[in-house]
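So the protein lines, in turn, are chains W and F. All letters in the first sequence, in the order written, are residues 1 to 274 by our numbering. All letters in the second sequence, in the order written, are residues 1 to 274 by our numbering.
Honestly, the hints are just simulated from the structure, not real lab data. None of the values given here were measured: they were computed from a predicted structure. Among the hints, erroneous ones may be present.
Remember, identical chains collapse to one label, so a pair may be satisfied in a single copy or spanning two.
[Stated by the list, open to error] With a Cα cut of at most 20 Å, we get these calculated SDA-like pairs of lysine to any residue: (1) 55 with 274; (2) 225 with 266; (3) 125 with 183; (4) 225 with 135; (5) 55 with 270; (6) 225 with 172; (7) 55 with 248; (8) 55 with 273; (9) 55 with 247.
Letter by letter, the chains look like this.
There are 2 protein chains.
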Amino acid sequence: MISLDNRPIGVFDSGLGGLTALRSLSRILPGEDIIYFGDTGRVPYGGRSRETIMKYARQDIAFLRSFDIKAVLAACGTVSTNGLDEIAARSDIPVFGVVEAAAAAAAAATRSGRIGVIGTKASIKSRAYDEAILALRPDARVVKNACPLFVPLVEAGKIGDADPVLDLVAREYLEPMKEARVDTLILGCTHFPIIAGTIGRIMGPEVRLVDTGAQTALRLARCLKENDMLSEKEEGGCHRYFVSDNPDSFREAAELFLGGSLRGEVRHISVDEL
Amino acid sequence: MISLDNRPIGVFDSGLGGLTALRSLSRILPGEDIIYFGDTGRVPYGGRSRETIMKYARQDIAFLRSFDIKAVLAACGTVSTNGLDEIAARSDIPVFGVVEAAAAAAAAATRSGRIGVIGTKASIKSRAYDEAILALRPDARVVKNACPLFVPLVEAGKIGDADPVLDLVAREYLEPMKEARVDTLILGCTHFPIIAGTIGRIMGPEVRLVDTGAQTALRLARCLKENDMLSEKEEGGCHRYFVSDNPDSFREAAELFLGGSLRGEVRHISVDEL
Numbered sequence: 001m002i003s004l005d006n007r008p009i010g011v012f013d014s015g016l017g018g019l020t021a022l023r024s025l026s027r028i029l030p031g032e033d034i035i036y037f038g039d040t041g042r043v044p045y046g047g048r049s050r051e052t053i054m055k056y057a058r059q060d061i062a063f064l065r066s067f068d069i070k071a072v073l074a075a076c077g078t079v080s081t082n083g084l085d086e087i088a089a090r091s092d093i094p095v096f097g098v099v100e101a102a103a104a105a106a107a108a109a110t111r112s113g114r115i116g117v118i119g120t121k122a123s124i125k126s127r128a129y130d131e132a133i134l135a136l137r138p139d140a141r142v143v144k145n146a147c148p149l150f151v152p153l154v155e156a157g158k159i160g161d162a163d164p165v166l167d168l169v170a171r172e173y174l175e176p177m178k179e180a181r182v183d184t185l186i187l188g189c190t191h192f193p194i195i196a197g198t199i200g201r202i203m204g205p206e207v208r209l210v211d212t213g214a215q216t217a218l219r220l221a222r223c224l225k226e227n228d229m230l231s232e233k234e235e236g237g238c239h240r241y242f243v244s245d246n247p248d249s250f251r252e253a254a255e256l257f258l259g260g261s262l263r264g265e266v267r268h269i270s271v272d273e274l
Numbered sequence: 001m002i003s004l005d006n007r008p009i010g011v012f013d014s015g016l017g018g019l020t021a022l023r024s025l026s027r028i029l030p031g032e033d034i035i036y037f038g039d040t041g042r043v044p045y046g047g048r049s050r051e052t053i054m055k056y057a058r059q060d061i062a063f064l065r066s067f068d069i070k071a072v073l074a075a076c077g078t079v080s081t082n083g084l085d086e087i088a089a090r091s092d093i094p095v096f097g098v099v100e101a102a103a104a105a106a107a108a109a110t111r112s113g114r115i116g117v118i119g120t121k122a123s124i125k126s127r128a129y130d131e132a133i134l135a136l137r138p139d140a141r142v143v144k145n146a147c148p149l150f151v152p153l154v155e156a157g158k159i160g161d162a163d164p165v166l167d168l169v170a171r172e173y174l175e176p177m178k179e180a181r182v183d184t185l186i187l188g189c190t191h192f193p194i195i196a197g198t199i200g201r202i203m204g205p206e207v208r209l210v211d212t213g214a215q216t217a218l219r220l221a222r223c224l225k226e227n228d229m230l231s232e233k234e235e236g237g238c239h240r241y242f243v244s245d246n247p248d249s250f251r252e253a254a255e256l257f258l259g260g261s262l263r264g265e266v267r268h269i270s271v272d273e274l
């Protein structure tokens with residue numbers, strides 16, 4: 001394998017959700033160094049306006065670029081659907097949002113053409129998923145629903161499949177998806193894989209769930225490989241984490257999203273320095 | 001009445017909750033001009049660390065002070081319990097948090113001495129309410145519980161007394177209060193008066209609910225009166241609003257908190273300018 005680029009990959013999210021994408025990325029490319037930024041001082045982004053989301057995304061990316069990174073993974077559904085394409089178009093390194101890869105996976109997986117998308121309020125308000133899916137499969141029917149309580153529920157630890165509050169909220173949010181008989185459902189927020197058990201149980205075994213972070217990690221890996229931009233190392237990649245609120249609370253909460261303990265240091269960066 | 005100070009009063013909150021306090025204040029003192037700042041670009045504060053909460057509070061107060069105000073009402077339970085006393089001690093104008101007045105009202109109202117406090121995670125983690133109550137009534141027993149989902153539920157519009165999700169969550173959060181048989185319950189977050197109907201129904205009619213914002217508005221009014229700092233106007237006070245995210249979404253959501261339409265202009269101020 002020709003290995004040409006040992007620079008780290010930058011990954012960011014409004015908070016913790018992006019760690020599900022980092023987990024996928026480090027499984028596919030265990031040798032890559034990764035710098036993660038979680039904007040825990042300003043999480044969540046999902047209820048904010050497009051202008052504010054774009055401003056924060058620009059600051060997050062600028063911070064990651066203060067390290068010499070080779071690519072950016074915007075592991076945040078809200079950022080990916082609110083102006084990231086404009087930011088990516090002006091960037092001299094590849095910037096990946098989670099929409100394109102997830103839309104492609106869903107368009108390939110659906111049999112009936114009925115695809116569901118769930119996400120934050122800002123993600124669903126945007127037409128990013130509709131456009132990406134319809135460009136690939138013009139006959140598709142896209143059914144969307146905003147699920148503003150899923151992120152607070154996950155962050156409050158209400159994630160067990162037997163949790164009655166999660167069950168009640170999920171049944172309400174997923175009702176339009178069941179009614180429309182979608183056969184594929186995009187989990188359009190990187191927090192949602194944590195509650196995929198409950199979502200899958202309610203939707204039924206015949207519905208394919210698309211993990212946006214995991215699909216995007218695959219696409220990013222393919223892009224690096226095709227462009228001879230992989231690291232020389234094939235394992236033992238070094239991970240560093242930066243957050244805009246308390247590093248200790250982040251480290252504690254991160255285990256849930258990583259499915260194991262966080263390796264690597266966690267440092268604080270003030271929002272004023274972004 | 002001797003009227004000596006026509007400067008406006010500054011009121012701030014992490015977002016919308018503080019409007020419940022503004023509503024009380026403008027009922028008690030309809031002639032006062034009020035400048036409100038809602039940090040909607042960084043809401044919610046309740047899950048953040050003490051350091052971050054204090055940093056944001058300092059910036060919020062500094063912004064309000066860029067107008068020539070005569071007093072500050074920190075209409076945010078999280079700020080009031082996380083270092084506001086330190087900020088107030090160094091201020092040359094009165095700075096009121098919501099803890100003292102609410103603790104005094106609860107200590108005066110309780111018959112059994114068993115007082116409940118509900119609030120955000122950060123508010124409950126602090127010992128601010130315990131200390132304020134025990135200073136006034138050393139024999140009191142203070143029972144606390146963090147209710148991290150109440151703010152997201154209110155902001156998601158799940159506020160109807162018949163809402164099954166709100167009912168389920170509220171029953172879980174209030175269970176320790178009922179078990180301890182508190183006779184007084186402090187609603188330690190300015191969002192909570194919006195769901196006082198559900199809280200009151202679950203707690204039962206014999207339990208007195210203390211609205212922290214309303215109690216603090218009363219105390220602030222008394223302080224201004226005693227110090228001849230009231231405005232000359234006895235009605236028609238002018239209200240101006242500033243928010244760090246989209247003004248239109250704020251105006252829309254504000255009606256719920258104000259119990260009517262918002263009068264006065266709403267302007268945007270970027271978090272970078274705070």
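Structure-based check of all given hints:
1. When the C-alpha separation of residue 55 and residue 274 is checked against a cutoff of 20 Å, the pair qualifies both within a copy, at 11 Å, and between copies, at 15 Å.
2. Proximity of residue 225 to residue 266 under the C-alpha cut-off of 20 Å is found in neither arrangement, the shortest distances being 29 Å within a copy and 50 Å between copies.
3. In this assembly of identical chains, residue 125 and residue 183 lie within 20 Å of each other by CA distance neither inside one copy nor across copies; the values are 22 Å within and 44 Å between.
4. Taking identical chains as interchangeable, the C-alpha atoms of residue 225 and residue 135 are never at most 20 Å apart, the minima being 26 Å within one chain and 66 Å between chains.
5. Taking the closest pair of Cα atoms, residue 55 and residue 270 come within 20 Å of each other both inside a single copy (16 Å) and across two copies (10 Å).
6. In the homo-oligomer, the alpha carbons of residue 225 and residue 172 never lie at most 20 Å apart, since the shortest distance is 42 Å inside one protomer and 51 Å across protomers.
7. Only between protomers do residue 55 and residue 248 lie at most 20 Å apart by alpha-carbon distance; the minimum there is 18 Å, versus 26 Å within a single protomer.
8. When the C-alpha separation of residue 55 and residue 273 is checked against a cutoff of 20 Å, the pair qualifies both within a copy, at 14 Å, and between copies, at 13 Å.
9. Taking the shortest Cα distances, residue 55 and residue 247 sit within 20 Å of each other only across copies (16 Å), while inside one copy they are farther apart (23 Å).
Comparing the model with each numbered hint stated earlier shows that hints 2, 3, 4 and 6 do not hold.
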